[in-house]
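Engineer: Taken in order, these protein sequences are the chains called A and W.
Be aware that the first sequence starts at 108, since it is given in our numbering, and climbs by one per residue.
Be aware that the second sequence starts at 108, since it is given in our numbering, and climbs by one per residue.
Treat the hints as calculated values from the structure; they're not laboratory data.
The reader is advised that the hints may include incorrect statements.
Remember, identical chains collapse to one label, so a pair may be satisfied in a single copy or spanning two.
Claimed, not checked - Listed next, the in silico BS3-like pairs over lysine-lysine satisfying Cα-Cα at most 27 angstroms (straight line):
{"hint": "1", "residue 1": "K123", "residue 2": "K165"}
{"hint": "2", "residue 1": "K456", "residue 2": "K292"}
{"hint": "3", "residue 1": "K328", "residue 2": "K610"}
{"hint": "4", "residue 1": "K584", "residue 2": "K185"}
{"hint": "5", "residue 1": "K567", "residue 2": "K548"}
{"hint": "6", "residue 1": "K249", "residue 2": "K456"}
{"hint": "7", "residue 1": "K500", "residue 2": "K253"}
In case you want the letters, here they are:
2 protein chains.
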Amino acid sequence: MSDVLKQYREVVSLSKEIQLMTSIDSLLEWDKETYMPEQGIRIRSLQKEYLAKILYEKKTSKGFQEALSKLIDLESGKVLTDALDPAKVAALQRWRRDFIQDSKLDRDFVSELARITSEAAHAWQQAKRQNAYSIFLPHLEKIIEKNCILAEKLGYDQHPYDALIDIYEPEMTTAEVKSLFEQLKPFLIELIAISNKHDFSEKGFIHGDFARELQLDFGKKLINDMGLADDFCRIDRSTHPFCLSLHPKDVRITSHAHCKNMMSNIFTHLHEGGHALYEANLSEEHFGTPLAQSVSSGIHESQSRFWEAIIGHSQPFWEFYFPKLQSLFPDQLASVSLQSFYQTIHRVKPSLIRVHADEVTYCLHIILRFEMELDLISGKLKAKDVPEVWNHKMQQIFGIAPSSDAEGCLQDIHWAIGAFGYFPTYALGNIYSGQLFQALKKDHPDWSQQIGNGNLTFLKTWLCENIYRHGRRYSAKELIQKVSGKELSTIDYMSYLSEKYRKIYR
Amino acid sequence: MSDVLKQYREVVSLSKEIQLMTSIDSLLEWDKETYMPEQGIRIRSLQKEYLAKILYEKKTSKGFQEALSKLIDLESGKVLTDALDPAKVAALQRWRRDFIQDSKLDRDFVSELARITSEAAHAWQQAKRQNAYSIFLPHLEKIIEKNCILAEKLGYDQHPYDALIDIYEPEMTTAEVKSLFEQLKPFLIELIAISNKHDFSEKGFIHGDFARELQLDFGKKLINDMGLADDFCRIDRSTHPFCLSLHPKDVRITSHAHCKNMMSNIFTHLHEGGHALYEANLSEEHFGTPLAQSVSSGIHESQSRFWEAIIGHSQPFWEFYFPKLQSLFPDQLASVSLQSFYQTIHRVKPSLIRVHADEVTYCLHIILRFEMELDLISGKLKAKDVPEVWNHKMQQIFGIAPSSDAEGCLQDIHWAIGAFGYFPTYALGNIYSGQLFQALKKDHPDWSQQIGNGNLTFLKTWLCENIYRHGRRYSAKELIQKVSGKELSTIDYMSYLSEKYRKIYR
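Start from the sequences and build out the full structure, keeping to the hints where you can.
Structural biologist: This is how it looks when you write it as structure tokens:
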């Protein structure tokens, strides 16, 4: 073996240790949300805190730095050998990025942030339950302060918020997000207006009682049809649905199921299934390296939204699956037409809660949070004024305002866990998914017939070929450019929405 | 804080890290046996191998050695301060023991043993399935060889097997076990003969169909009645039942449930519940130190057997619970008398499989394995002759012999996983439990009425006071002496059995 390959393997070996620890932490997290006995939380917190400490030490260790430095100049980013193939070169660049970012922080800062957010998350739950923003306020103030320090530590070119977005969506800037959202916002507001002109009255059948077990069977069938088999992907229940992966051969989804609200549960399966399919098809060969990691939060979200919204809300999808759903629930659905069902799942209506929002209003919830985060981080907006500004913006954008903070600025956990900069990736995921869909349709002009015949396999194959197999070799922007042959823009996503909703609401 | 206390806390802190890692490994193990998707096994093996490596490094680290050495002379065992209370002194002695034992090995030896036993466990499964001892033989030969080396590394006074027993039952020797078993063996053989004179015909009702869910409900009720609440103790299903603890506030039991064989499932709940109650009542305050660890495998087994055999097979226990079982399964049990039920669960019959053995024959299975292990380790018996000797001994002790090795020397996994020296602790558990029961009866002369009234709380309180709260402060022998006021012997266990079975089979 050449020296260069030996040196590369040394980096891989250290990186794999980090990945193994991360995957162990994932199991701790999964268990916490699924089966852990209630009183287990105290020891679980200690376990996770301890693992976080070890992980941080490993990620920033001298040994890792030395191993990396033999192959890439950490200062300039120049790769010091031409004996490695382009994928390995890209891997080195990702490793470098991660190492540099992690090294900008220090253990005490990381621990303190963890402690502050853990306390804030607890306070947020209380505040939300009691609808008392004042309980959360001092915590939010501290978290904003810490996020400002975090941004300074990480560094940025133009706006401190750049540094925060970059944690979740590498190489994406505030200015770019702003520009994308500025196109999206008026478009969506107009689409809501069009949709509201033809408001379908709410269809009662959708809120009928649907036996829990049957819902779960149907959800599981969808997951299997997507290409997720039971021997590497399991589905459990949790309060908030999520997907989490230990390894491509051990991926775990959770869903919820109430007798009411069946469609929400079905779409949850597709959403988490989209995340899971990505994780399950990352390279096993390169496990532990950036070549077997997902690109960014936004690209991950593009996968869940692709399956949930674009495929899972499409006409051909329900041409195939609605008869199956009907035969599972004949009492509730036998007399419902496919058209009526299709209209019902596309009902557009401004609402207070992001996670229950429809496809058209969803991104506006994100834009609202983005605008506020930006002002909070730049200091233009003070934490104490959040409820007032929130309600004002809700009125402005949606024409409705919450009657309580619990349904307003306290609805999401993200700020409490310190995740400033994360929200935009939800909307970016939608934008990415629109551009990917356009590319898919070019490669598969018969997509609609295939899905109508119940064939989803070509989707997995296409996603594998174009996204999954690359791991983190390309940045989100590079990947989108590569798949669609053009720069990232909102055009495809907007025409997808426009075409679809103008047809439904014509 | 005094310097000594500071030094003690430093040891505690390092020891707690080891415990946290161990508890994380426990979760990996639990998940492997309960919910892990089948294909997850490859990454799980890597995770466990990696944790084992880290754990070994921590247990034998220079830092730990230095911290300990400030308080105790590792060479002589002399505690270097008189400022610590007796419990802390005892903790230092346990830490010293563990450190010295671990340090006698080296990472390569530990890794190799892990690899060999992992391969052997796989070969054993195959061999058992195909009833082909020859598949297992070369692996067993390697394992015996490694166990002999292990014994040399650990060191011993008289017999290499001393070193192996000591892993699981500290301070217990081959000679002592031999002496206990020499008293037990003829006694049990005689008791079988007495029992067989009055063989009750097998009661069919016990093998009826009992709905799985109701069995599990009943098992759960027993677990709760023992003092194990849902918020810190959960019950799941696995192929082989086990109990495993992450912390006193996160203890996990598994059971199996087939429609047939309900009683086996009920007794499994009591058995694993006995282990769980011990773990759940170890000191939270001292978590991570020897004062919050169990004494030995034998003492742990004494707890499971206490609940399963002594309490769970007692007349007053079923006076209270049989009517409940009847009302759960009226079709099968309404016409069965308590006496008939009681006789049926006490049927004594030599059988081939250890795990299905009754209370009287059980220890003889252990004695057989002990005798063979002794000869295998001392070289008197060759691995290739194991089947022949096994069958011969079965005939000699039980009067029956297996028609296949799968039902003979291949039935247990213990040798495949390298656990030579473990088997005796199963019988020691029974002997301990008999002596503990005698002590309990002295403290609670009304034990029988209390249990007959469905009060099990006093048992937990008594076990807490006498066993659980001490952690590993005393050795097994010291603890038994302390609780019962006399040295360990088989007398109490034999009179318990004698009294009970002579009454049933009079």
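Engineer: State for each hint whether it applies.
Structural biologist: Quick rundown of the hints versus the structure:
{"no.": "1", "hint": "K123 with K165", "verdict": "both (11 angstroms within a copy, 20 angstroms between copies)"}
{"no.": "2", "hint": "K456 with K292", "verdict": "within (16 angstroms within a copy, 80 angstroms between copies)"}
{"no.": "3", "hint": "K328 with K610", "verdict": "neither (30 angstroms within a copy, 58 angstroms between copies)"}
{"no.": "4", "hint": "K584 with K185", "verdict": "within (21 angstroms within a copy, 66 angstroms between copies)"}
{"no.": "5", "hint": "K567 with K548", "verdict": "within (14 angstroms within a copy, 67 angstroms between copies)"}
{"no.": "6", "hint": "K249 with K456", "verdict": "neither (35 angstroms within a copy, 71 angstroms between copies)"}
{"no.": "7", "hint": "K500 with K253", "verdict": "within (25 angstroms within a copy, 72 angstroms between copies)"}
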